[in-house]
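Mind docking chain E on chain B? Use the hints.
Chain by chain, the residues run as shown.
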Amino acid sequence: MRISRWWALVLLGIPLAFLTAFFLVPFGVMVMASLQTPEGAWTLANYARAFGDFYYWETLLLTFRISLWVTLVAFLIGYPLAYYITYIVQSRTIRRLLYVVIVTPLFTSNIVRSFGWMILLGRRGLVNNVLVGFGLIERPVSLLNSELSIVIGLSYIMTPFMVLTIAAVLQNIDRSLEHAARDLGANRAVTFARVTFPLSLPGVVAGSLIVFTLSVSAYVTPSILSGGKETVMSMLIFQQYAVIFNLQFGATLAVALLVTTLLLIAGYLFVVERQSRGARRVA
Amino acid sequence: MTSFGERLSRAALTGFCWIAILYLLLPLLIIVAVSFTTTAYLKFPPDGFTLKWYAQFLRDPTYVEAIWISALIAVGATLLALLLGVPAALVLARRSFPGQQALSALFLSPLILPTIVIGVAILQFAASLGFARTWPAMLVGHTVLVLPYIVRTTLASLAGFERTLEEAALDLGASNLSTFFLVTLSLIKPGVIAGALFAVIISWINVELSIFNTTAHLMTIPVKLFNYVQYSVDPMIAAVSAATIYVAIAVVFLLDRAVGLDKVTTSS
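First to last, the sequence lines map onto chains B and E.
Going left to right, the first sequence walks through residues 1 to 283 as my numbering numbers them.
Going left to right, the second sequence walks through residues 1001 to 1268 as my numbering numbers them.
Chain B with its partners taken away, still in its complex shape:
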């Protein structure tokens, strides 16, 4: 099928117009609002307020700290799982079944999943019962409404993203490279450390980026599992828009969160790029 120039313009132009009208322009409106007073005059006061107040720095720090922990936990659980599915499981039926188990939580709303952890982590919940039962703690401890419960809930939600992204890369690794390493006398551990893992790094980078950005902007899980005791950036943004009705300051916080996230990602990619260039030079 050939697409003429005229049809190409129509077929691409309409979606592009839609995206411009309902995505780019709204985004622009929001950025502009962050530079205005409620009366509509231009100002930098919103940013001065956000950067001048220690509270917002603390909240930003907490948001990023939680997101980093979540990324780490999701990687530590997700990588072995992705490796297991792509390398160890031989039967296609079992592999498909495992994918069903990994994808189903992804298709269930964050509220429902966080709600599940609320039941699990409660004072009379399963986790406390097990810990007391094994004598690890004397009486039930409060696991809910803390940084820990947010990290647990978010890690749970993010693990499937990590597994799927890493599995996609592991799936496509050329197995003959690993066979070559084995033939040359490397055992499985060395083959993994020197061949498989370095080749899977793009998946790890992509997965950790997805998990990190999703964690930074997560709203539902922190609100449910923090019980209002801990506040992350998305909760502050929501407050400004829906409770305080200061759209301008809400927009400022949203832009600040977005820009710092993008800066962190850029830094991370820069480091990864330099590392891999260094590795290539050694090789």
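It should be emphasised that the hints constitute simulated quantities derived from the structure, not laboratory data.
Every residue gets a Cβ at the ideal spot worked out from N, C-alpha and C, and that includes glycine.
Some hints here could point you the wrong way.
[As the list claims (entries may be wrong)] Calculated lysine to any residue pairs in the SDA-like style (CA-CA distance at most 25 Å, straight line):
(1) K1043/E to S226/B
(2) K1043/E to V127/B
(3) K1189/E to A1258/E
[Said to hold, decoys possible] Chain B stretches covered by chain E per the calculated footprint, using a threshold of three residues with CB under 8 Å from any CB of chain E:
(4) 56-68
(5) 75-84
(6) 118-125
(7) 131-141
(8) 145-151
(9) 231-243
[Said to hold, decoys possible] Pair ranges (Cβ atoms, derived):
(10) L1187/E to L61/B: 47 to 53 Å
(11) W42/B to Q1101/E: 32 to 38 Å
(12) Y47/B to N1176/E: 49 to 55 Å
(13) S1128/E to S142/B: 29 to 35 Å
(14) H179/B to W1068/E: 53 to 59 Å
(15) G267/B to Q1100/E: 25 to 31 Å
(16) A193/B to F1004/E: 16 to 22 Å
(17) T1215/E to S276/B: 49 to 55 Å
(18) A193/B to Q1101/E: 52 to 58 Å
Coordinates of chain E only, in the frame set by chain B:
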């Protein structure tokens, strides 16, 4: 030849992974179990077995209405995104022109922008044009949200594609349009279906975008659940949650039957 050490580490990996699988299932199993309890509070393991919590939420017209609204928005936004996304992906894959890369990135960019930011932006934009918190605002918001999933899977299926079949159809005298519907569409169908199912689900479970654009009369089921869970929890909420889990399981199996889950999830 596998040494004892290798066998041991493989057994350890297998054990770890089955525990991880259990961990992925546990919260969902707990909710389903709790939704059948006869006690008036959440209890695990549940006491007895009853369906009264399901009956209670199905008798509540506000829940049923919220489910309908969510379903309509999910299906509507997905259809709109299909109409916009498939042609766009087709042009992006088939023609080369300056700025093509940037345009592809633009179509995928709602994926990386925090959903809460998209929700806020739509609210502010709609408010300035006087249609804040209405059906159209909700619908276009969700369309923006799901469009990248459609574009991404369609682009992916167009990338691994035999052009010769199209050429053959054209050589045999088929028009451009009938070539598209008879050949191209049937070849990319699995990818498009996968994208559409992802899109339906992403919209169906969304809170972050909807919450800024709902009213008491335009309430989606996730937002309603969210508002409820923050203040009180009871077995009826577990029943509503369990019902959404059943929907998820049904869609996942549908997806698996349609295209094979191991293929969809690892191709994007």
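Hints, verified against the model:
1. K1043/E to S226/B: The given pair, whose Cα atoms are some 21 Å apart, holds under the 25 Å limit.
2. K1043/E to V127/B: Since the Cα atoms of K1043/E and V127/B sit roughly 14 Å apart, the hinted pair holds (cutoff 25 Å).
3. K1189/E to A1258/E: 10 Å, holds
4. 56-68: Since 0 is below three, the answer is violated.
5. 75-84: Our answer is that it holds, as 5 residues pass the Cβ test (under 8 Å) against chain E, meeting three.
6. 118-125: Per the Cβ count (4), the hint holds.
7. 131-141: violated (count 0)
8. 145-151: Not satisfied, violated; 0 residues make the cut.
9. 231-243: holds (count 5)
10. L1187/E to L61/B: 47 to 53 Å: Holds, since L1187/E and L61/B (Cβ atoms, about 50 Å apart) stay within the stated range.
11. W42/B to Q1101/E: 32 to 38 Å: 34 Å, holds
12. Y47/B to N1176/E: 49 to 55 Å: Given a distance of about 53 Å, which is inside 49 to 55 Å, the answer is holds.
13. S1128/E to S142/B: 29 to 35 Å: Taking Cβ atoms as reference, S1128/E and S142/B lie about 45 Å apart, which means the hint is violated.
14. H179/B to W1068/E: 53 to 59 Å: 56 Å, holds
15. G267/B to Q1100/E: 25 to 31 Å: Given range 25 to 31 Å: holds, Cβ gap about 28 Å.
16. A193/B to F1004/E: 16 to 22 Å: Cβ of A193/B to Cβ of F1004/E: about 20 Å, so the range 16 to 22 Å holds.
17. T1215/E to S276/B: 49 to 55 Å: Hint holds: Cβ distance 50 Å, inside 49 to 55 Å.
18. A193/B to Q1101/E: 52 to 58 Å: 35 Å, violated
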